[in-house]
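S.K.: Listed here are the chains, written in short residue letters.
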Amino acid sequence: MALLQRPFLVLLLIVTHQFLQYWVAFGSVNEECQKQEEFNEELLLKPLPDRKALAHFHFQSSAPPSTSNGRHHHLFPKAISQLVQKFQVKEMELSFTQGRWNYESWGGFDPISSSNAKPPGVELWAVFDVPQHQIDASWKNLTHSLSGLFCASINFLESTTTYSAPEWSFPPASGNLRYGTLPREAVCTENLTPWLKLLPCRDKDGLAKLLDRPSIYRGFYHSQRLHLTSTGSGSEGMDSGIILEQTLTAVLRPNSRRASMAHAREKHIQPSWSLSSIFGKQVSGRCVLVKSSNVYLLLDRGLVSELKHLYKENEKLVANDLATKNFWTNPSFELSAKPERVFIEENSMHSNSSSILYKFPVEKYSESEPFDLGVIWKDPVVWLCQQAPLRASRFLMGSGNERGTIAISLKSTQLSEGFMGANANDKRCELRVYVFQVVPWYVKVYFHSLQVFVDQQPKAVSDIIEKINVSPSKDKVSPGVMEVVLKLPCRVTSAALTIEFDKGFLHIDEYPPDANQGFDIPSAIISFPNFHASMVFLEDDSLNKSPLLSKFQEKSPVMSYTEVLLVPLTTPDFSMPYNVIAITCMVFALYFRSLVNVLRRRVAEEERFLKDKAARKTGWPLPLLSKLSAKLRGRQWEPPHSAPASSSFINSKLVFKVILVAGLAVGWQYYFS
Amino acid sequence: MAEISEAHDSDSSKSTDNASEAPTQPESEPEFNPKLMRKTKPGLKRLFLTFSVLFSFLLGLQFLWKSVEIYRSPLPFREIDSLSTQLGSDHLIFPLHFHALFVGFDSDPDRLRLSILSEITKLTSQNPKCSHNYTLSVTVDSGSHCLHSPTTSPHSCSYQCGSITAIDFDQNDDVAIDERLVPVFGGKTNEYSVVVVKGESERAVVGKNRRAWVVVGSGREVEIAVVKVAEVLVKVFVNGGREEGSIRNEFMPVGADGRIVLSFNLLNADPRDWVYDWDFRKIDNNLLAPMIEALGPVANISVESQVLYHTPKASFSYWDQQLQSYVFSTKDLPFFVNSNEWHLDTSIAAGGRSKILQFVVYVPSAKECPLLLQLPNGEISNTNGFISPMWGGVIVWNPQGCLKDDNKPTARRTIPMQDLENMFEVFTGQFRQLFGFKSVNIYAGASGVWNLLPSERGFTEWELDVLSRQHTCFNLHSCASTLGSLSRLVQSLPRMIIMDEIGKQVKFSLEAAKLAQSNASNGVYESSAASSRQARSLAEDAFFHPSIMSVSYYSFEHCFAVYSPFFLPVSMHVVLAALSERRRYRKEKSKYLAWKAKANAAS
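Protein chains in written order, with full-length UniProt numbering: chain A, 1 to 673; chain B, 1 to 603.
Please keep in mind that the hints were generated in silico from the structure rather than gathered at the bench. Worth double-checking, as some hints may not be accurate.
Said to hold, decoys possible - Simulated restraints on C-beta separations: (1) A:S673 x B:L489: 16 to 26 Å; (2) A:V603 x B:D500: 20 to 30 Å; (3) B:D332 x A:N255: 51 to 61 Å; (4) B:S67 x A:Q132: 37 to 47 Å; (5) A:V461 x B:S67: 50 to 60 Å; (6) B:S67 x A:L660: 55 to 65 Å; (7) B:G378 x A:N255: 48 to 58 Å; (8) B:R488 x A:L664: 50 to 60 Å; (9) A:H507 x B:L333: 51 to 61 Å; (10) A:S652 x B:V68: 33 to 43 Å; (11) A:H507 x B:N286: 53 to 63 Å.
Note that the Cβ used here is the ideal one computed from N, Cα and C, for glycine as well.
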């Protein structure tokens with residue numbers, strides 16, 4: 001066939017010049033079709049053990065490289081491509097979070113928690129494709145641009161005291177990385193609106209229409225995230241353009257309709273919920289510009305094994321039948337819509353249970369027939385989410401305004417034993433933990449005071465810490481950064497790191513408006529490089545891979561953030577400087593006056609007056625006055641010789657002085673106003 | 001403090017200063033009154049002490065004053081004032097050279113020149129800001145020989161006598177004639193030439209390259225020609241063919257940093273009906289690039305584009321049965337642009353003070369599909385677009401037949417290239433309008449209609465000259481006014497810190513302004529426009545320098561509040577002590593003198 005075609009083609013090319021042109025044009029059109037801009041929208045729903053529901057929106061836009069497609073985009077947001085071009089951003093992630101991810105009950109080992117659970121406030125990191133000396137300048141400009149783009153005070157990350165450059169403990173680490181957080185940034189709808197503007201359909205159509213502001217901000221946790229990767233102009237070969245990934249993760253409480261008749265038995269029943277009950281809206285079709293639009297429902301491993309257990313009890317059936325496509329008509333719960341496909345996690349490590357994913361394509365639904373996925377629970381189910389090997393928490397020790405101790409405690413989770421079951425008996429089995437901690441300069445950490453406790457026993461630092469990288473803080477210049485690799489035995493039940501610090505003093509200008517609230521120490525990042533959170537769902541259609549599922553497949557190390565610490569610093573009385581000035585000046589003035597008076601003093605003269613005073617006796621009203629005025633003048637009082645004359649003299653002088661001072665004041669006022 | 005003791009000073013001084021002498025003296029000199037005189041010289045010790053304290057205090061004040069002094073970079077206030085007075089009083093004068101060539105006439109060139117000059121002065125309206133200084137040379141080519149007026153004009157030399165004849169103008173192809181005229185007047189010269197020939201078909205054409213020609217019929221040809229020549233010179237070449245008062249002359253959509261960002265937006269009102277896309281890259285390369293290059297001296301232009309979806313217009317249109325379409329009337333135009341839903345956005349790539357002009361192609365939804373704009377007189381707009389001064393322009397583009405493809409509504413369709421080209425022609429017209437030019441190629445003057453040849457670059461050479469002149473004028477005035485307000489601000493706030501950088505910017509701005517002025521008076525329009533742009537942007541930079549914007553400059557009130565608790569009481573004591581010591585010394589001295597006089601009289 002090919003042999004036949006080729007001579008024919010060559011003949012055609014030779015025969016007509018016009019045809020050649022047509023052919024070339026056709027070829028170029030074909031090429032463009034392959035590298036078009038794409039947009040995908042996906043929503044993942046997941047019931048959580050503590051009667052809440054997780055909604056994870058995932059929007060992904062991709063633009064082909066600008067070298068082949070020019071700088072004019074059709075779907076991709078203009079602002080982002082300009083940002084990437086202007087600041088040569090290789091990779092960037094910006095997240096706005098409100099609330100704290102509850103690792104204990106919402107899970108800590110799945111891809112959602114390790115890449116979408118973020119510290120409260122704003123977190124920004126970026127990798128630049130510029131020479132080392134330009135990175136800081138690029139970072140500063142980037143923070144300002146983002147702050148304008150997202151209506152947030154990201155520009156505070158510009159100061160060198162707020163950002164740091166982790167070297168290896170932060171997962172996408174490289175020399176060109178900058179990392180900064182603003183723990184106290186309040187996140188609200190003014191940050192969401194510009195984020196939505198980057199979507200081609202905004203919240204007018206498609207899945208984003210579900211993003212009802214009141215129901216999202218009423219939730220327990222929400223985190224909007226923007227992650228972009230670009231292959232810069234410099235790199236060759238692997239040129240995939242810009243990929244912009246926007247996710248919004250929210251933990252919401254379904255409005256339980258049966259709350260009124262909450263019997264003791266129903267306390268354990270999961271609340272039944274649907275899209276319309278948690279968002280107040282339904283999906284009325286997809287955004288017309290998308291390549292794919294899907295809703296997924298994920299049942300995690302713990303839940304599935306629990307359901308299997310129940311199922312076995314009830315139906316006395318073989319477990320293998322569960323994994324059939326009829327699983328969605330389970331006796332313990334019911335789905336209101338029929339899924340198109342059921343995925344079962346491909347799992348090599350944990351054979352006993354694997355999570356199940358239901359796929360609902362939105363294409364089939366329309367305005368007249370909206371999509372409203374509901375889950376109705378029939379039997380009480382209690383399960384636990386999968387945990388990270390160690391649960392990290394951080395707290396402050398010590399009291400007073402002078403010094404304290406930061407402690408990071410790592411506790412083994414029961415579930416993790418399963419992971420290490422195979423090699424836990426091995427004595428040399430080791431659990432590696434990366435700790436990345438940034439402390440502001442006014443919390444002066446003594447790195448020599450680092451102590452490590454394993455199973456409540458103090459251990460030599462060198463035994464446990466495999467690698468440590470410390471960059472001490474410089475006052476008013478840079479924060480202190482600590483990167484540690486801990487090497488713990490697998491059977492560890494608890495470990496703790498403590499480090500002492502002194503509280504520094506700030507200049508009066510450096511205090512924030514609400515200084516008495518305390519100062520935040522950003523979250524520490526604990527990551528487990530040997531554990532990868534990934535869920536593999538095999539898709540038969542390799543061309544139309546779902547970005548969300550391929551994201552789940554990526555082997556990203558398990559990561560968790562600790563709490564934000566609030567350190568109270570000594571705050572001065574802010575009117576104090578002026579008080580101090582006033583009182584010291586007064587003391588100096590008094591001293592100076594007495595010095596001048598001593599210099600002018602005529603001792604013999606005064607002695608004579610004293611004698612005179614003793615000799616005379618006078619009536620009280622006038623001498624009292626003169627005595628008073630004498631006192632005012634800081635002079636020894638002398639009894640007057642001629643009382644009326646002296647008193648009038650004093651009064652006129654006094655009056656003159658008062659008038660003089662008043663005149664000065666009036667003149668002053670007149671001149672300066 | 002010494003006052004109270006003054007009443008008793010007389011006797012006390014006696015006792016202190018002359019304690020030993022007092023008992024012995026009264027007998028020898030009975031007229032000695034201790035209240036009025038003394039026998040010894042008053043001591044200088046305390047007087048000296050208190051005055052030295054006062055002086056050291058005053059000296060210390062100097063140091064204090066020096067230490068609280070704030071840094072103010074010296075600004076050239078005088079130069080700023082002189083710049084604004086220069087621009088204000090004796091205008092910015094642009095030299096222009098006109099050349100009128102009469103082919104096939106045998107009139108006296110001097111007479112023609114005088115009559116044209118008188119017509120020109122009749123037509124010239126005095127621009128309050130920038131004026132022109134023109135020279136006119138007239139050549140009469142009677143076929144066999146040429147007559148020049150003035151005979152020694154350097155500008156008429158470029159014309160080779162007899163190189164053009166009336167036959168050249170017989171053809172109807174104006175573009176070819178325009179090309180033909182280029183070598184005749186020596187290629188690239190800055191003079192504006194008008195050729196007058198006799199012919200059958202009367203017409204008047206303005207070419208692309210600072211040339212115009214008039215074909216006049218027989219009859220009173222010379223008088224008509226003189227009026228026409230004067231009009232084309234003044235109204236078209238100098239004023240750019242715009243009507244007085246249509247758009248203000250100083251109205252320039254150029255940002256303070258001399259940049260324009262053209263942001264092209266394709267808005268799909270409702271993508272559920274249809275999704276249209278465009279091949280903007282081709283348009284950018286083919287149509288926009290030449291225009292941007294042409295406007296280089298006036299502004300630094302960059303282009304960006306985006307496609308937006310779900311962008312309905314803000315107001316409603318009504319169905320017109322006759323036209324079989326939806327009609328949007330002019331009075332509703334202010335409500336066409338929907339600022340809530342059209343997130344056209346400012347550009348990140350643009351600098352802070354760039355001017356962004358938004359050009360919008362609006363694709364209506366199926367509900368309002370053939371959407372037409374109605375002019376105030378009831379007619380339907382040809383271009384189906386409108387401009388909003390200083391904002392940009394909008395074009396409504398209706399898809400062919402408004403047919404909704406129900407089977408595949410989401411397929412992306414591309415706007416046909418032909419339509420796109422038409423659209424960008426309209427955009428070019430809108431862009432010209434934003435600069436104050438006409439979008440039609442006809443100038444209707446008092447003496448007749450001139451046909452203006454359009455340039456493929458959007459702006460002809462003489463139009464660019466007009467823009468450059470106007471831009472220079474506008475920039476210099478705005479630079480002078482910015483610097484003037486900066487100097488007023490700086491002078492009114494004596495405690496404001498002024499960084500060196502501001503001083504430098506002001507200096508450079510003044511230098512650039514001077515350069516622009518000298519270039520303008522030499523007739524080098526392009527470089528004068530460029531340096532005037534630089535002058536303006538530097539002046540704006542200086543005025544909007546962040547250190548000026550900061551509120552926390554060191555106020556005098558603050559200084560007073562900090563230092564007065566110490567210096568006020570101390571200075572009171574020191575000054576009063578010095579005063580009283582001085583008074584006491586004088587009193588004692590007069591006493592001593594009185595005694596001395598008495599003693600002298602006695603002896």
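S.K.: Give a verdict on every hint.
M.R.: Evaluation of the provided hints:
no., hint, verdict
1, A:S673 x B:L489: 16 to 26 Å, "holds, 20 Å"
2, A:V603 x B:D500: 20 to 30 Å, "violated, 59 Å"
3, B:D332 x A:N255: 51 to 61 Å, "violated, 44 Å"
4, B:S67 x A:Q132: 37 to 47 Å, "holds, 42 Å"
5, A:V461 x B:S67: 50 to 60 Å, "holds, 51 Å"
6, B:S67 x A:L660: 55 to 65 Å, "violated, 29 Å"
7, B:G378 x A:N255: 48 to 58 Å, "holds, 57 Å"
8, B:R488 x A:L664: 50 to 60 Å, "violated, 31 Å"
9, A:H507 x B:L333: 51 to 61 Å, "holds, 56 Å"
10, A:S652 x B:V68: 33 to 43 Å, "holds, 38 Å"
11, A:H507 x B:N286: 53 to 63 Å, "holds, 60 Å"
The structure fails to meet hints 2, 3, 6, 8 from the earlier list, while all remaining hints are met.
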